[in-house]
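Residue numbers (our numbering), protein chains in the order written: chain A, 9 to 218; chain B, 9 to 218; chain C, 9 to 218; chain D, 9 to 218; chain E, 9 to 218; chain F, 9 to 218.
Don't read these hints as lab results, they were simulated from the structure.
Quick caveat, the model's predicted, so the values are computed rather than measured.
We put the CB at the ideal spot given by N, CA and C, even for glycine.
Be aware that one or more of the hints could be misleading.
[What the hints assert, rightly or not] Restricting the straight-line Cα-Cα distance to at most 16 Å, the calculated cross-link-like pairs of lysine to aspartate or glutamate (EDC-like) are:
#1 C:Lys208 - C:Glu197
#2 C:Lys209 - F:Asp203
#3 A:Lys141 - C:Asp57
#4 F:Lys211 - F:Glu197
#5 B:Lys209 - A:Asp204
#6 E:Lys165 - E:Glu123
#7 E:Lys140 - B:Asp57
#8 C:Lys165 - C:Glu123
#9 A:Lys144 - C:Asp203
#10 D:Lys209 - E:Asp57
#11 B:Lys208 - A:Asp203
#12 B:Lys66 - E:Glu123
#13 D:Lys141 - F:Asp57
#14 B:Lys211 - B:Glu197
#15 E:Lys141 - B:Asp57
#16 C:Lys209 - F:Asp204
#17 A:Lys141 - A:Glu123
#18 B:Lys141 - E:Asp58
#19 C:Lys208 - F:Asp203
#20 F:Lys211 - C:Asp203
#21 B:Lys141 - E:Asp57
#22 E:Lys66 - E:Glu123
#23 B:Lys209 - B:Glu197
#24 D:Lys141 - D:Glu123
#25 A:Lys211 - B:Asp203
#26 E:Lys208 - E:Glu197
#27 D:Lys141 - F:Asp58
#28 C:Lys144 - A:Glu123
#29 A:Lys208 - A:Glu197
#30 D:Lys144 - D:Glu123
#31 C:Lys141 - C:Glu123
#32 F:Lys209 - F:Glu197
[As the list claims (entries may be wrong)] Some, not all, of what chain B presents toward chain D, calculated at C-beta under 8 Å:
#33 Cys33
#34 Gly42
#35 Ser44
#36 Gly91
Each chain, written out:
Protein chains: 6
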Amino acid sequence: MKSIFLLLCFTLLTLSSNALVQDFCVADLTIPAGPSGYPCKSPSNLTADDFVFTGFRKAGNTSNLINAAVSPAFDSQFPGVNGLGLSLARLDLAPAGVIPMHTHPAGSEILVVVEGTIVTGFVSSANAVYVKKLVKGDVMVFPQGLLHFQANGGGRKAVAFVSFSSQNPGLQILDFALFGSTLSSALVEKTTFLDDAQVKKLKAVLGGSG
Amino acid sequence: MKSIFLLLCFTLLTLSSNALVQDFCVADLTIPAGPSGYPCKSPSNLTADDFVFTGFRKAGNTSNLINAAVSPAFDSQFPGVNGLGLSLARLDLAPAGVIPMHTHPAGSEILVVVEGTIVTGFVSSANAVYVKKLVKGDVMVFPQGLLHFQANGGGRKAVAFVSFSSQNPGLQILDFALFGSTLSSALVEKTTFLDDAQVKKLKAVLGGSG
Amino acid sequence: MKSIFLLLCFTLLTLSSNALVQDFCVADLTIPAGPSGYPCKSPSNLTADDFVFTGFRKAGNTSNLINAAVSPAFDSQFPGVNGLGLSLARLDLAPAGVIPMHTHPAGSEILVVVEGTIVTGFVSSANAVYVKKLVKGDVMVFPQGLLHFQANGGGRKAVAFVSFSSQNPGLQILDFALFGSTLSSALVEKTTFLDDAQVKKLKAVLGGSG
Amino acid sequence: MKSIFLLLCFTLLTLSSNALVQDFCVADLTIPAGPSGYPCKSPSNLTADDFVFTGFRKAGNTSNLINAAVSPAFDSQFPGVNGLGLSLARLDLAPAGVIPMHTHPAGSEILVVVEGTIVTGFVSSANAVYVKKLVKGDVMVFPQGLLHFQANGGGRKAVAFVSFSSQNPGLQILDFALFGSTLSSALVEKTTFLDDAQVKKLKAVLGGSG
Amino acid sequence: MKSIFLLLCFTLLTLSSNALVQDFCVADLTIPAGPSGYPCKSPSNLTADDFVFTGFRKAGNTSNLINAAVSPAFDSQFPGVNGLGLSLARLDLAPAGVIPMHTHPAGSEILVVVEGTIVTGFVSSANAVYVKKLVKGDVMVFPQGLLHFQANGGGRKAVAFVSFSSQNPGLQILDFALFGSTLSSALVEKTTFLDDAQVKKLKAVLGGSG
Amino acid sequence: MKSIFLLLCFTLLTLSSNALVQDFCVADLTIPAGPSGYPCKSPSNLTADDFVFTGFRKAGNTSNLINAAVSPAFDSQFPGVNGLGLSLARLDLAPAGVIPMHTHPAGSEILVVVEGTIVTGFVSSANAVYVKKLVKGDVMVFPQGLLHFQANGGGRKAVAFVSFSSQNPGLQILDFALFGSTLSSALVEKTTFLDDAQVKKLKAVLGGSG
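All chains, please: the whole structure from these sequences, using the hints.
This is the structure we're talking about:
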């Protein structure tokens, strides 16, 4: 019986190994990406390590002005998510930490608090505000492309994981877009109604030119 | 021969009128929408008018602070776009007009200038700035979810049409999200690094509370 | 100046509140779902609580045979994810805990360990096996529809969060599909090559009939 | 042991029966469809019959002018395909049978000949022509929206099954669109360069008005 | 304070410049496209010009038989639309101009008249006809894959812009597919019921062979 | 008149041949695939043969243990389906034939019986069983990712065609994943509750190691 079973085995294995190169598509970052992501590495060269990301074992470095860190595991950092339509990031917030107002242009987000307390929220296109103080275990969603933020809501360190409906959700931080770029002060002021002094003050510290 | 042809006619017409209720899906705005849009009106009640929008015959009213107007033909205004994955808006810019910094959370945009001159641009997630002065006939694209603006670039009225890769691309105007909403001044300041005086000044004029 | 600004405010607010009913689509679970999810609740009735899920504050109950619990926050449990293309679940594994071999027919998965050690892996269509022991902070992806499992890999409790590229990824647990359903023993044996005694033993304990 | 297993059973079954209402979405044709299809029938009322279509047991009636029949199993005829992104149709071609030039606006097609010989082909946007005589077992694809046709290629009956990448691919038959509709002869002639006599001749037999 | 801010700046900038290579995907036309479009140019080499198309400054040449011109800004002409799911074209219609009956196999269309008067319409799969005379500013949609046309509806030049829900919507002009291709007269006649004389007359002028 | 028509011809042909490289995307299997499929062959090198698959003219070889054969025409075997979102396979079942329990991780399936009788069914995430005996002409659907099987239901040969909502639906055969892979017996037993003897017996015949 064994030999007959093996015949079956070979027949079907041949079939399936030919047919199924795209259960997954671990990114080959050395080839230019297209609109749906990076070309796939050959399945024959993959190991479990291609599907595992170990960069979140340690907390991100929060010794900075915002007392916080965002550590992404998007396709560039974690090629295993390429083509799967999801990705992950780790948020670390020291007691005074804040992830400034930002958007993810290309994905919705779901956040779960794993340590501490976080005040977080978003503003809708209709200018409705949805803000909540979350404790450990709480979950909040942030619909694609809407302005949102996270801030430590307690007196101790907070940690959260956020996942996205895209392998590459993008991250546009408002202050960097306005004050850390080459957008001229004149255009910033004209399009935001901010005062010239305010714009120049923030451009100075964030390195914006123009 | 005619009668045989008509037999064919009836046979195939019966087939196709049964089979094909979803060439299009004109929105029935009286029923709750779902994630992919509104339920469809019955095809038997539709006329050409359901696929036509006449709201852009006249310029939008630019007698306001921004000297500009955005007139959308999204699914709520133009039920014929429901389910088609596109929509349109008209931009009118008086000589000093500006469409303030904003995003469309749910769609990319393509703009064509049909009158006058427009200075427009966007900022990428990598804080790169792409700004250009466009003349009549020029086209620019704005990738989904990125901050962008339009401003009159000449001494006379300008008009553009912008279309979107979504029947409902959304529109989040930065100033209204921050200063015209119920987001507290404390949270605005904490998440944008703007000064308290600046925030309160703009909240006062834009009606923000909290 | 304030009054002019307010004029702008009213103009644009009117626009945006009309135009943008679909930044999000919190599920109205009382109306039948369609292929893309549930119909949306009216935005005017929503609060931050509609976007928050608090069901993960406590560990799932692992006092069962598998010494483990899967607690989903899919659209049925957390209507706020409807239409966003993502969802979340909490995994609790007592020291001997195991989430048995299963698939998610409708979504890929990304797992992050937040406590303890987990041995986890999946099998591809080409019958390649990708198994790894993960420690706290480690992340692994499981491509859509492939058989995978999680088992406690240490001597103490383990907890993980898993998110999905779908608001409703599904969950087909192999043993329940085969031995806890009405699929007849004859068909199970014919289509799996399992022995009759094995099938009947597991059907007895898992409640399968037929 | 059995009772403990049953405890597990109940725990997980409760979970999965709540979580998984959308493995499939059998159409409730009594409720208006949306852009992604019809609302779903309640899973609790479904049987195997909801996923089975028996309308192809007999050949379609080819006693008509085209000596052919197209029998669709689209969502309207076979509610089980709703939301699955595919559908099927049966083609019957008597010896002189022809399925006239047509398009499927909303789906690509794959055809397999199960009896007889079929000459079939399509024209691309670049006006390239791909025509082939197929025998039993042969397969051909027709990319979405392109003009194509099928004609009996032998002296005996031919049968094919065609499946589509959509639950509702649509079917626009060129002659009916032009000559069996209310499109005026003047507009047909102006937009096709066909002669007036030709247009009126076909309108007469196909029942077109205007 | 500036130096601390700059520390933040560098930290976050590093993050975002790594993470976000796919806000957009300007086509590199020198590499073969895939199903979702062309591979992306490196973001570091892009300028605003990559997102701008200036080919519509002048009217298309209408000195031809149809007294009309279609000028596309699809991905091949305007690489900036690659991956964005939209594109644009300019229509010029001299007083007697007509864009003959055609389809876009891969995208829906939205048209806005910017000069003159246009009679336009489409035919549905159910052979319903939706025709309308549009004036300047009017908008009409044409669902994906359906036969439609545009004709000058007044005594003077008309111009319209049409945008599509695809970066490459395709364009199949009925007369060219039937009479300007290598499809044999016999097959054209068999699949359209047109008379032999009619087919040969149009093939002669449109260059069709076979 | 002919020369003027030809002028039109050249004008429009130039337009369309430039614009429309992606009506289809026949796979170039020599270049690495991406998440949406393989890069496209140049349209200028294609013939009708690129859209035709002749591998189903003969029955698959059923001289094996399962007395059955699955012959796929997925993208690897039939490059013409690349990018079209569908594919096909032929099933041959000798009188005792069975296609063992399996899933297609990346696509839904629609089956039509073209010869003989087939007993087939699937199990849902809620562990509901949908089984049916199908005769020639009958059709059944199998939603994406769910366990299903096909078995000969009569005393003679049976043949079916199955098509999929994906160019590469995948195929995970349960027995091969569990017993024909390198997954260790310990892990198989732990995650399936199968007895050690059962696991080792099937691993022996199916060639599994570990």
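Checked hints:
Under the criterion of a C-alpha separation no larger than 16 Å, the hint pairing Lys208 (chain C) with Glu197 (chain C) is consistent with the structure, at around 10 Å. This hinted pair checks out: Lys209 (chain C) and Asp203 (chain F) have alpha carbons roughly 10 Å apart, not beyond 16 Å. Simply put, Lys141 (chain A) and Asp57 (chain C) have alpha-carbon atoms about 10 Å apart, close enough for the 16 Å limit, and the pair holds. With a CA separation close to 12 Å, the supplied pair Lys211 (chain F) and Glu197 (chain F) stays within the 16 Å bound.
Between the alpha carbons of Lys209 (chain B) and Asp204 (chain A) the distance comes to roughly 13 Å, so the proposed pair stays at or under 16 Å and holds. With a CA separation close to 7 Å, the supplied pair Lys165 (chain E) and Glu123 (chain E) stays within the 16 Å bound. Taking the CA atoms of Lys140 (chain E) and Asp57 (chain B), the gap is near 8 Å; set against the 16 Å cutoff, the hint holds. For the hint pairing Lys165 (chain C) with Glu123 (chain C), the CA-to-CA distance comes to about 7 Å; that is within 16 Å, so the pair holds.
Pair hint Lys144 (chain A) plus Asp203 (chain C) does not hold up; C-alpha atoms about 47 Å apart against a cutoff of 16 Å. At roughly 54 Å between alpha-carbon atoms, Lys209 (chain D) and Asp57 (chain E) are farther apart than 16 Å, so this suggested pair is violated. Distance check on the hinted pair: Lys208 (chain B) and Asp203 (chain A) sit about 12 Å apart at the alpha-carbon level, within 16 Å; holds. In summary, the hint linking Lys66 (chain B) to Glu123 (chain E) is supported, as the alpha carbons are separated by about 13 Å, within the 16 Å threshold.
Restraint check for Lys141 (chain D) and Asp57 (chain F): satisfied, since their Cα atoms lie roughly 11 Å apart, inside the 16 Å limit. Using a Cα cut-off of 16 Å, the hinted pair Lys211 (chain B) and Glu197 (chain B) holds, with the two alpha carbons roughly 12 Å apart. Note on Lys141 (chain E) and Asp57 (chain B): the hinted pairing holds, with a Cα-Cα distance of about 11 Å set against a maximum of 16 Å. A threshold of 16 Å between alpha carbons decides the hint, and for Lys209 (chain C) with Asp204 (chain F) the separation of about 13 Å falls inside it, so the pair holds.
Between Lys141 (chain A) and Glu123 (chain A) the alpha-carbon distance is near 13 Å, which keeps this suggested pair within the 16 Å criterion. Our distance criterion of 16 Å between C-alpha atoms is met by Lys141 (chain B) and Asp58 (chain E), whose separation comes to about 14 Å. With a C-alpha separation of about 12 Å, the suggested pairing of Lys208 (chain C) with Asp203 (chain F) holds against the 16 Å cut-off. Note on Lys211 (chain F) and Asp203 (chain C): the hinted pairing holds, with a Cα-Cα distance of about 13 Å set against a maximum of 16 Å.
Straight-line distance between C-alpha atoms of Lys141 (chain B) and Asp57 (chain E) comes to about 10 Å, which keeps the hinted pair within the 16 Å bound. Restraint check for Lys66 (chain E) and Glu123 (chain E): the C-alpha separation of about 14 Å stays at or below 16 Å, so the hint holds. With a C-alpha separation of about 12 Å, the suggested pair Lys209 (chain B) and Glu197 (chain B) falls inside the 16 Å cut-off, and the hint holds. A hinted pair counts as satisfied when its Cα atoms are at most 16 Å apart, and Lys141 (chain D) with Glu123 (chain D) qualifies at roughly 13 Å.
Using a Cα cut-off of 16 Å, the hinted pair Lys211 (chain A) and Asp203 (chain B) holds, with the two alpha carbons roughly 13 Å apart. Proposed proximity of Lys208 (chain E) and Glu197 (chain E) is supported: the alpha carbons are some 10 Å apart, at most 16 Å. Distance check on the hinted pair: Lys141 (chain D) and Asp58 (chain F) sit about 14 Å apart at the alpha-carbon level, within 16 Å; holds. Proposed proximity of Lys144 (chain C) and Glu123 (chain A) is supported: the alpha carbons are some 13 Å apart, at most 16 Å.
A hinted pair counts as satisfied when its Cα atoms are at most 16 Å apart, and Lys208 (chain A) with Glu197 (chain A) qualifies at roughly 10 Å. Proximity of Lys144 (chain D) to Glu123 (chain D) is assessed by CA-CA distance (about 5 Å); at most 16 Å being required, the pair is judged to hold. For the given pair, Lys141 (chain C) sits about 13 Å from Glu123 (chain C) by alpha-carbon distance, which is consistent with the 16 Å threshold. In summary, the hint linking Lys209 (chain F) to Glu197 (chain F) is supported, as the alpha carbons are separated by about 12 Å, within the 16 Å threshold.
For Cys33 (chain B), the interface hint holds, the least distance from its beta-carbon to any beta-carbon of chain D being 5 Å, beneath 8 Å. The beta carbon of Gly42 (chain B) is positioned within 8 Å of a beta carbon in chain D (closest approach about 5 Å), and the interface hint is therefore held. Given hint, Ser44 (chain B) at the interface with chain D, holds; its Cβ is 4 Å from that chain's nearest Cβ, closer than 8 Å. Contact between Gly91 (chain B) and chain D, as hinted, is supported at the beta carbon level, the nearest pair being about 3 Å apart and thus within 8 Å.
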